[in-house]
Each structure stands twice: as C-alpha cells, then as structure tokens.
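Taken in order, these protein sequences are the chains called A and B. Just so you know, the first sequence maps onto residues 0 to 253 in numbering that gives the first Met the number 0. Just so you know, the second sequence maps onto residues 0 to 302 in numbering that gives the first Met the number 0.
These aren't lab readings, by the way, just hints derived from the structure by calculation. The beta carbon of each residue, even a glycine, is placed where N, CA and C say it ideally should be. If a hint is listed, it holds; no wrong ones were tucked in.
Calculated Cβ distances over 10 angstroms to all of chain A for the following chain B residues: (1) Asp108; (2) Ser129; (3) Gly136; (4) Tyr170; (5) Arg180; (6) Met193; (7) Pro212; (8) Asn218; (9) Lys228; (10) Asn245; (11) Gly250; (12) Gly257; (13) Pro285.
Okay, the calculated beta carbon distance ranges per label pair: (14) B:Ser129 with A:Thr83: 19 to 25 angstroms; (15) A:Ile196 with B:Ala75: 54 to 60 angstroms; (16) B:Asp14 with A:Tyr79: 31 to 37 angstroms; (17) A:Leu140 with B:Lys67: 43 to 49 angstroms; (18) A:Phe19 with B:Asn218: 54 to 60 angstroms.
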Amino acid sequence: MKPFSWRCIRVWQRNRDVFFRLWRAEAPGFVVEPILILLAMGWGLGTYIGLVDGQKYIEFIAPGIIASYAMFSASFECTYGSFTRMEYQKTHDAILATPLSVEDITAGEIFWGATRSFMTGTVILAIAAAFQLVLSPWAALIPVLAFLAGIMFASIALLFTSIVPSIYSFNYYFTLFITPMFFFSGVFFPLSSFPEIVQSLSWIAPLTPVVHLSRALISGEFHSNIFWALALIVALTALFFSISLVTMRRRLTI
Amino acid sequence: MLAIKTYNLSKRFKDLLAVDDVNLEVEEGECFGLLGPNGAGKTSLIRMITAVSPPTGGDIQVLGKDLKTHSRQAKAILGVVPQMDNLDLDLTVLQNLTTFARYFNITKDEARRHSMEVLSLFELENKSNSHIKELSGGMKRRLLLARGLINTPKILVLDEPTIGLDPQAKYLVWHKLTELRSQGVTQLLCTQNMEEAAVLCDRVAIMHQGRIPSVGAPNDLISNYVGDKVWEIEVNHGEREETVKNLENHGLDFEDVGDKIQVFYVATDDMPMGLGDFAERVRGRPATLEDVFFRITGRSLAE
Numbered sequence: 000m001k002p003f004s005w006r007c008i009r010v011w012q013r014n015r016d017v018f019f020r021l022w023r024a025e026a027p028g029f030v031v032e033p034i035l036i037l038l039a040m041g042w043g044l045g046t047y048i049g050l051v052d053g054q055k056y057i058e059f060i061a062p063g064i065i066a067s068y069a070m071f072s073a074s075f076e077c078t079y080g081s082f083t084r085m086e087y088q089k090t091h092d093a094i095l096a097t098p099l100s101v102e103d104i105t106a107g108e109i110f111w112g113a114t115r116s117f118m119t120g121t122v123i124l125a126i127a128a129a130f131q132l133v134l135s136p137w138a139a140l141i142p143v144l145a146f147l148a149g150i151m152f153a154s155i156a157l158l159f160t161s162i163v164p165s166i167y168s169f170n171y172y173f174t175l176f177i178t179p180m181f182f183f184s185g186v187f188f189p190l191s192s193f194p195e196i197v198q199s200l201s202w203i204a205p206l207t208p209v210v211h212l213s214r215a216l217i218s219g220e221f222h223s224n225i226f227w228a229l230a231l232i233v234a235l236t237a238l239f240f241s242i243s244l245v246t247m248r249r250r251l252t253i
Numbered sequence: 000m001l002a003i004k005t006y007n008l009s010k011r012f013k014d015l016l017a018v019d020d021v022n023l024e025v026e027e028g029e030c031f032g033l034l035g036p037n038g039a040g041k042t043s044l045i046r047m048i049t050a051v052s053p054p055t056g057g058d059i060q061v062l063g064k065d066l067k068t069h070s071r072q073a074k075a076i077l078g079v080v081p082q083m084d085n086l087d088l089d090l091t092v093l094q095n096l097t098t099f100a101r102y103f104n105i106t107k108d109e110a111r112r113h114s115m116e117v118l119s120l121f122e123l124e125n126k127s128n129s130h131i132k133e134l135s136g137g138m139k140r141r142l143l144l145a146r147g148l149i150n151t152p153k154i155l156v157l158d159e160p161t162i163g164l165d166p167q168a169k170y171l172v173w174h175k176l177t178e179l180r181s182q183g184v185t186q187l188l189c190t191q192n193m194e195e196a197a198v199l200c201d202r203v204a205i206m207h208q209g210r211i212p213s214v215g216a217p218n219d220l221i222s223n224y225v226g227d228k229v230w231e232i233e234v235n236h237g238e239r240e241e242t243v244k245n246l247e248n249h250g251l252d253f254e255d256v257g258d259k260i261q262v263f264y265v266a267t268d269d270m271p272m273g274l275g276d277f278a279e280r281v282r283g284r285p286a287t288l289e290d291v292f293f294r295i296t297g298r299s300l301a302e
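Turn these sequences into a full structure, and let the hints steer you where they fit.
Structure representation (structure tokens):
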C-alpha cells in the first residue's frame, strides 16, 4: 500500500466544482426525500406508535434519518459517481497523466464522498432543528459525525467500485447491503425489539454505531456504548480506506 | 542528456507480451516517431513511458529521472495527448484546462492566462464556454492537444494526434508541432500516418510485435530497407510465374503484393537492367516510409 498525498485535494476540488454546477439535480434526493420520510413516518406512522419512555416517534427517528442519509450520500457518490468518472468518462485516466497518483485520486474521491455526507447531514440537522427535534447542544457535532461516517461509507463503496465489472453490479450493493442497514440498524425501531440474533448481526452493520452516536448527540443522553461505537467506526474506516487504496491501484494501473 | 531512455522494457498482459525487451532512446529536442500496425504495442509502450502503466520488466528514465522512484517529477514535465478522448464531460472547455492546470499545481491566474493562450494556439478561443458535448470530433482533438500543453511540458507525448482531423486542422496541428519542436520541446509521436511521420519526425522507430526492429531518420530507413526508388510491375494472372522467375534470374529484390510486383534497391532513374522485358507495364516512383513499413511489418493484418 502506498500513501496518498495532499494533492488529493485537487480531485476533491474538481468534484466540488462539478457538484456546485449541477447541485440542483442532486437536491431532491438528499434534501426533499429525507424530509418526506421524516414527516410520513414521524407524523403519519408515529401517531400509532407509543415508545416505552413516552418519547415522540418523530424524535426517535430523526437522528437515524440523519445517519442514514449521510450513508446514502457517500454511497451513491462513490459507487455510481466514481464508477462513471472511472469507466465512462475516463476522468481518472486523464488525471493519472498529471503529477497525481492513484492514491491521490482514491483519497480525493473518498473525501469528496465524505463531504457529500457532511452536507447532507448538516442540511437535515437544520431541518430537524426547525421542527424542534434537536434536544441537545451536542448536536452541533453532528456534521463532524456525518463527515467521519462519510469517510467510512465512501471507503466501503469505493472498494466495491474498484472490483465490480459493470455499473449494474451496484444493484447488489444497494439491495443487499445498504437497504438492509437502513431497516436493521436501529433507525426506525430500537434494536432491542429484534430477536437476539438480529441484534448481534446489526452490530456488524457499519450504520449501527453511526445511528447510536447520532442519537446520543441529538438527545444528549450518553451511554457507555458510544465509545464502542466510535471505536468501531474508526476501525472500519481505517480498514476499508487502506484496502481501497490497494484495489483502486490494481484497477487503474493496468 | 537523453529525454527518454528505456532499458529492456517489457509489458505482459496475461498471455500477451505487448512490449518485448525494448531499448529506446529519444534525444532531447528531437521529434521521435513511433510507427507500427495496430496491436504492435505502441500504446502500451507510451502508457509505461508516461507512468500510467507499470512495466512488467525493465526501467525507464525521463530526463535522467527513474520513473519507478520519481514518477511525480517526471509526470510534471510531460505533456500527454492520449489517443482516446478523455476530456472532462462535466466541465466546460475552459474549465477543462484550468482544472487540468490545477492538477499541476499552477496558480489560478496563471492557469486562466495560459489556458486562453493554448486555446488560441489551436483556434478554440471562441469555444471557451462551450460544453464538451457541443464540440465536433476535430475540436475535441485540438482541445486534447491544448490540454497537453497546459503545463508547458519539456517532453510532449502524442498518441495519434491528427486521427480524424480534416486536412485544414491536420496542417494546423503539424504547423504547431513544428513550432514547438523549434522551441526545443521534445516530442514522442505515435502515429499510423506515414506522411505525418515523414514530415514531422527527425527519427522514427518501427514497432512490430512488441519489438523495435529498426530506428533511424526517415530517409536513411528508406535507403536501407527499399532503396530510393520503387519499381512496380503490373502483372496479369497468367504471367505472374514467368515474371517472378525472370526477376529472380536478374537477382533483383522484389515482393509480390497482389495486383503488382514491387522491385526494390534500384536507385537508377532509368529502367534498371532486367525490367526492360516488361517495359509497358513498369512504373518507377520515389520510395516512401510506407514501403519501409510494409517491408518490416508485413502485409497481413496483425489482429
């Protein structure tokens, strides 16, 4: 594994410039959709749901919605987005002829994916705050969490991108990995409502620790497992970031 | 110092040895042509020299710097014009250049100034705000050339720079490349266009099946491989055998190319000895690089 350099910022800047030229096309997915889900599930379904401690359902799901859409942002960016740049537009090939290395490109893509998570997380946090769903000043750290989780999900996504033969393979990624996490990582129901086996399985899912941390920051109620959650995120990030540096080199330098 | 030097360079893709033990030397300031049929290994060789693809074996030096340890420094002084269009579709013409300049760490003002300069060099200045989709094939190719100059390279590596261009644009490009050469920019030019190689290149290498069997100035290669003049005999089906026998008897070097027979290494302006028998059907013409190309790489399709 070779290290990346500060030059990865150049790839980040390129993606940023393109995003702010085209952001209107992206906004519905990452601003409107989470609001719809929050309102439909929170107000609609929430009317029929009583939580044990008397918490409002919409309050319960808001932190999980932030975490999930942070995950979606980085995942879409570093699967469909990165794959298009790599295979169809040959953007990465062109960049390789400049002083940037494959590792710079990889890191630039991952940090850009994380930036998308950061932006999405921040926007939904602001909306949740407007609906008075944010109860603690610790919520100010949500954008940081979204960025950190973004690095993790972008790394996993880019690792997958670097090994798939075609863009259709991402159907598997979203149907078998991302969507199950959305439902089984404690976003919509407390993990304790699942059978033991599902509970343990959901702790393997990288979204679970993010939801835990997000809920702690927004409610201001901290349990000891937040340290485990943070450690898990850091460990998974280090692992997948490193592997994607290697697999991207293999993919791009033939 | 040599601009580019390769030592026993090779590249293997699974069962295919694309580049086979190549030792190449490109002098500083020269325009060096790389000719060869499709599949000869030209693009693989160029991708290794531009540090995009790692060699399977051997070493490469660019202006004395080993690519294995100094690929960043080498890439900073190389300008690359790829065969395949990889312009950034998400950006405008000008943004393509300024974004590329940023990869080379060129400051914003300088990038903008120099971008407009290279655009006008290839007569694209009034397209600066167009999207890539709106450009014709010829404009895209000229933009790729402009992009290759954005870092004011010491060495320009061009893979089929005039493919698909109309004659006007082709001559514009040739003219610009000649100008660059007179400014001391070394050029490694990969082409299938023999006329282009003859016009632009100080020396050419002919690549065949991953190897480089011959290198030299175009005129030297022509005299060495075919002589200065090629005599062509039109043959009808019935007389072919007799003609061949006749030429053999006279000890002439010839090749049967189907509708005619080409005779080589006879430099006289008058009809050479032994060809008088076919007087009405013989025509002499100056030898070209294309004749050399066929003699070295054969006439059958490689792939």
